[in-house]
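Chemist: Using the sequences and the hints, build the whole thing.
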Amino acid sequence: MDWNSLKRDFKRHLLFERGLAENSISAYLNDVQKLQSFAELRLLNPSNISTKDLQDFLLWVNEFSISSYTQARLLSGIKTFYHFMQLEHNLENNPAELLESPRITRKIPAVLSIVEIDALIEAIDLSTPEGMRNKAILELLYGCGLRVSELCILKRSNLFLDVEFIKVEGKGNKERLIPIGQQAIHFLKIYLEEVRVHQPIKPGKEDFVFLNRRGNPLSRVMIFLIIKDLAAKIGLEKEVSPHTFRHSFASHLVEGGADLRAVQDMLGHESITTTEIYTHIDKEYLQSVITQFHPRS
Numbered sequence: 001m002d003w004n005s006l007k008r009d010f011k012r013h014l015l016f017e018r019g020l021a022e023n024s025i026s027a028y029l030n031d032v033q034k035l036q037s038f039a040e041l042r043l044l045n046p047s048n049i050s051t052k053d054l055q056d057f058l059l060w061v062n063e064f065s066i067s068s069y070t071q072a073r074l075l076s077g078i079k080t081f082y083h084f085m086q087l088e089h090n091l092e093n094n095p096a097e098l099l100e101s102p103r104i105t106r107k108i109p110a111v112l113s114i115v116e117i118d119a120l121i122e123a124i125d126l127s128t129p130e131g132m133r134n135k136a137i138l139e140l141l142y143g144c145g146l147r148v149s150e151l152c153i154l155k156r157s158n159l160f161l162d163v164e165f166i167k168v169e170g171k172g173n174k175e176r177l178i179p180i181g182q183q184a185i186h187f188l189k190i191y192l193e194e195v196r197v198h199q200p201i202k203p204g205k206e207d208f209v210f211l212n213r214r215g216n217p218l219s220r221v222m223i224f225l226i227i228k229d230l231a232a233k234i235g236l237e238k239e240v241s242p243h244t245f246r247h248s249f250a251s252h253l254v255e256g257g258a259d260l261r262a263v264q265d266m267l268g269h270e271s272i273t274t275t276e277i278y279t280h281i282d283k284e285y286l287q288s289v290i291t292q293f294h295p296r297s
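Counting from 1, position 166 in the sequence shown corresponds to residue 166 in full-length UniProt numbering; the numbering is continuous, with no gaps.
Quick caveat, the hints were computed from the structure, so don't treat them as lab data.
Here the structure is a predicted model, which means the values were calculated and not measured.
Take these hints with a grain of salt, some might be off.
What the hints assert, rightly or not - Cβ pair distances, simulated, as ranges:
| # | residue 1 | residue 2 | range |
| --- | --- | --- | --- |
| 1 | GLU122 | THR51 | 52 to 58 Å |
| 2 | GLY19 | PRO179 | 22 to 28 Å |
| 3 | GLU164 | ARG73 | 35 to 41 Å |
| 4 | ASP162 | GLN86 | 46 to 52 Å |
| 5 | GLU92 | PRO179 | 46 to 52 Å |
| 6 | LYS11 | GLU164 | 37 to 43 Å |
| 7 | GLU193 | ASN45 | 58 to 64 Å |
For glycine and all other residues, C-beta sits at the position ideal for the given N, C-alpha and C.
Modeler: Written out as structure tokens, the structure is:
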């Protein structure tokens, strides 16, 4: 078994058996490439790598000062690779089976206040076609909690505005329905009916909702830059990105009393544990609880 043929087989497995998205497949293949680089330095091949070799590999990778999160994700990729070798290449002993992931401290995500969200959206120049498009983009990011990748590939055929729902293609090509509010619907219709109809569209791209001036779908980097420019325009000092709008969407729903399972479904989280990070409560509310109910306050 040589590395290149194994990587080709592994890629097909991830694509057709696991149904993973292109970005996820690239991440897994990069993990295996790192292992290959380490193994070739020590004249090891995929079939004779031991658990001790993998432990040495993780120590070797750690010399590059990567975070515990990156180490855990790397180890997950290696474990997936060896599980694939057991299934498809009859590997008898899985050297990755007993490896433990590093402990990860989950950070509370940065969110924007409603006032900050409003200020960013109000800073958009609506006198230009791009401004009307950007208004619809931000209303969707905040109003539906979309990942930026989901927004970039959003299709017109997946908009059901008459019943106030959109269908989104998430991680692993999994689809989910998300309710869309009147504010987002209003500006999305303006963009589609008054702006987009007057711009050129590249052949084959007609079904994509958000396009650039040349008629191609917007990239994630472009949306990131749009938000960065707006943050600079209003003097917002917080780190802000498209994902900040997703965090804010979820946090504001949970703080408003929304059912956690409903928020999980809308975000497309596989595990409720991921959604529970949004149950953090601000310090002012905690202080008011202490003041109101503690006998020593």
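Chemist: Given the range 52 to 58 Å, decide if the beta-carbon distance of GLU122 to THR51 lies inside it.
Modeler: holds (57 Å)
Chemist: Holds or violated: 46 to 52 Å for the Cβ distance of GLU92 and PRO179?
Modeler: At roughly 50 Å between Cβ atoms, PRO179 and GLU92 fall inside 46 to 52 Å, so the hint holds.
Chemist: Between the beta carbons of LYS11 and GLU164, is the distance compatible with 37 to 43 Å?
Modeler: Between LYS11 and GLU164, where Cβ atoms are some 39 Å apart, the hint holds.
Chemist: Taking the CB of GLU193 and the CB of ASN45, does the distance hold inside 58 to 64 Å?
Modeler: 60 Å Cβ-Cβ, so the 58 to 64 Å window holds.
Chemist: Has the hinted range 22 to 28 Å been met by the Cβ atoms of GLY19 and PRO179?
Modeler: holds (26 Å)
Chemist: So does GLU164 sit 35 to 41 Å from ARG73, Cβ to Cβ?
Modeler: holds (36 Å)
Chemist: With respect to the beta-carbon atoms only, verify the hint that ASP162 and GLN86 lie 46 to 52 Å apart.
Modeler: With a Cβ separation near 49 Å, ASP162 and GLN86 satisfy 46 to 52 Å, so the hint holds.
In the structure shown, no violation is registered for any of the earlier numbered hints.
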